[in-house]
Each structure stands twice: as C-alpha cells, then as structure tokens.
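So the sequence shown is numbered by my numbering: it starts at 1 and just counts up by one.
Careful, some of the hints might be misleading.
Stated by the list, open to error - When the alpha-carbon atoms are kept at most 27 Å apart in a straight line, the in silico DSS-like pairs for lysine-lysine are as follows:
1. Lys101 x Lys164
2. Lys24 x Lys101
3. Lys70 x Lys251
Please keep in mind that the hints were generated in silico from the structure rather than gathered at the bench. None of these values were measured; they are calculated from a predicted model.
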Amino acid sequence: MEKYKVRPPVVAGQFYSSSPEALKNQIKDFIPAGETEKINAIACMLPHAGYMYSGAVAAQTVNCVNIKNKIILLGPNHTGNGAPFSIMTDGAWQTPLGQVKIDQPLAEKILKSSKYLEDDEEAQADEHSLEVELPILQYFRADFEIVPIALLSNDVNALKEIGKGIARIILETNLQDSTLIVASSDMTHYEPQEQAQTKDAEAIKAILELNGDKLMETIRRLDISMCGYAPAIAMLSAARLLGAKNAKLIKYQTSGEITQDMRSVVGYAGIIVYGRNK
1 MEKYKVRPPV VAGQFYSSSP EALKNQIKDF IPAGETEKIN AIACMLPHAG
51 YMYSGAVAAQ TVNCVNIKNK IILLGPNHTG NGAPFSIMTD GAWQTPLGQV
101 KIDQPLAEKI LKSSKYLEDD EEAQADEHSL EVELPILQYF RADFEIVPIA
151 LLSNDVNALK EIGKGIARII LETNLQDSTL IVASSDMTHY EPQEQAQTKD
201 AEAIKAILEL NGDKLMETIR RLDISMCGYA PAIAMLSAAR LLGAKNAKLI
251 KYQTSGEITQ DMRSVVGYAG IIVYGRNK
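Can you build the whole structure from these sequences, using the hints too?
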C-alpha cells in the first residue's frame, strides 16, 4: 500500500461538523432543490468561514460548477506561519469525508516554474482557508486531487506572476479541461451591514471585470478587509491567461443575515470565472 503523509483536519468540529453524515446533511441543506445548470468554469472564488455563516454561499457556488479532477486551491495565510508563498507538493489532506491526495506531478511542475513559491507545510498546517473548501467540493465529487497554495504576501506583481505561472503549466501540460482553480476569500470583516455591502460591491465589480489591479486599487482606496485578495489576484491572473472572458456572482450574503446582528458583519461572495461559452 502506498504510504504518504496526511494533513489532518484542524477545524473539523468547529467550522464544520466532524461527523460525515451530519456534514453531508448540512451541505445538502444549503443547495436548492431541482437541477442547476453546471458551468464549465476556469476558476471560482469561495468564502471560508464557518459553514453556518458562509456554507450556503460556497455550496451554491460549487453547485453551479463542473468539478474537475484537478483543483488548484489558492488561499490566504491567516496564521503568519511559514513561507510567504507556500505550496505543498506531496501527501494528502484528510477531512471527515475522506482523504484528498495532492497531485504531486502537477504541484512539482508549478513549484519548479516559480521563483516565488516554496515547498512549505508549516504555512498550511494550521490554516483553515483551504481546508474548509474541501468537504464542499467532496460533496459534489469524490475523486479529485489538489495543489494547495497559501499566500501571505501583498506583492501584487508576485501574485500575478504566480497566477501566470500556474496557467502556463496548465497550458503546457494540456490540463485546461481537467483543472479548476479555486480562490478562497471572505470579504469585508466586522463592519456595519450597509457599509460592508457597499465596499464589497466595489471589490466584486473589479473581480467580475477580471481585473486584479483594479481589485487591489479598490481594496486600498476603500480600506476593504478582504482577507483573500492575494489568492483572488493570483486566480484572476491565471484565469485570464487560460481564456477567461466572463465572471458571474452566484451569491452574496453577510453573517448579519444569519445572526441578525447588522452592527458588525463579515461579507461572503461566491463567484464563477469562465470563458465565452459556459
């Protein structure tokens, strides 16, 4: 039997249920009844808070996407641990719904092609932003592999170059039809509902225009506390090189809509990025 290192889940039982059945039922309850049109997406952006707050946004967004068998996960590094541009190149990630293996050949190619990325597990050992996406993706498809990348830096040029490098490897290896890029990000943090909605609308507009530079300018100008702008910028850079022409907001909501406390909310957006034809 093949042996490899396994990253255990660190927020199961906190951000989402540690019980496989309860977890599947929770995700199922987020999804509207009936058939949903599946978009052949190049990339998407999903939130990463506790499922009670952002699970509906993430699940309803993933429900609109054809899940491919290779998923490049781009998330922010909240902990500050490890390398500023971290990639894991081997092993597997465990969730209550099973193990997800790292696509070692693809991860190593991406690492080798980048002057920024470092093979580093420390940055991802206690980081939740990628982990919370996995059970939702697993709910819709069990047999995919991942390339996990955690980003701490705000160097826009480096983030764009990482995105372009990912896209070049996908194109060189002819994997564009079998690879989905997922950027993990929440939006405005701990501001009044109306203020959060106004700020987030501006950031979302830049993402829908596939414009990473405009997203960064908007975040700085409006002081938007979007934790995953770095993965979003890298994702947009990659998606454009892979032929992205359109983006669609699937769902936006805030934590206030769950807690009914509108004084201090966090915003969540689910966005799909695709080519001319869905």
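Taking the hints in turn, this is what the structure says about them:
1. Lys101 x Lys164: holds (24 Å)
2. Lys24 x Lys101: The given pair, whose Cα atoms are some 20 Å apart, holds under the 27 Å limit.
3. Lys70 x Lys251: Holds, at roughly 24 Å.
Violated hints: none; the structure is consistent with every hint.
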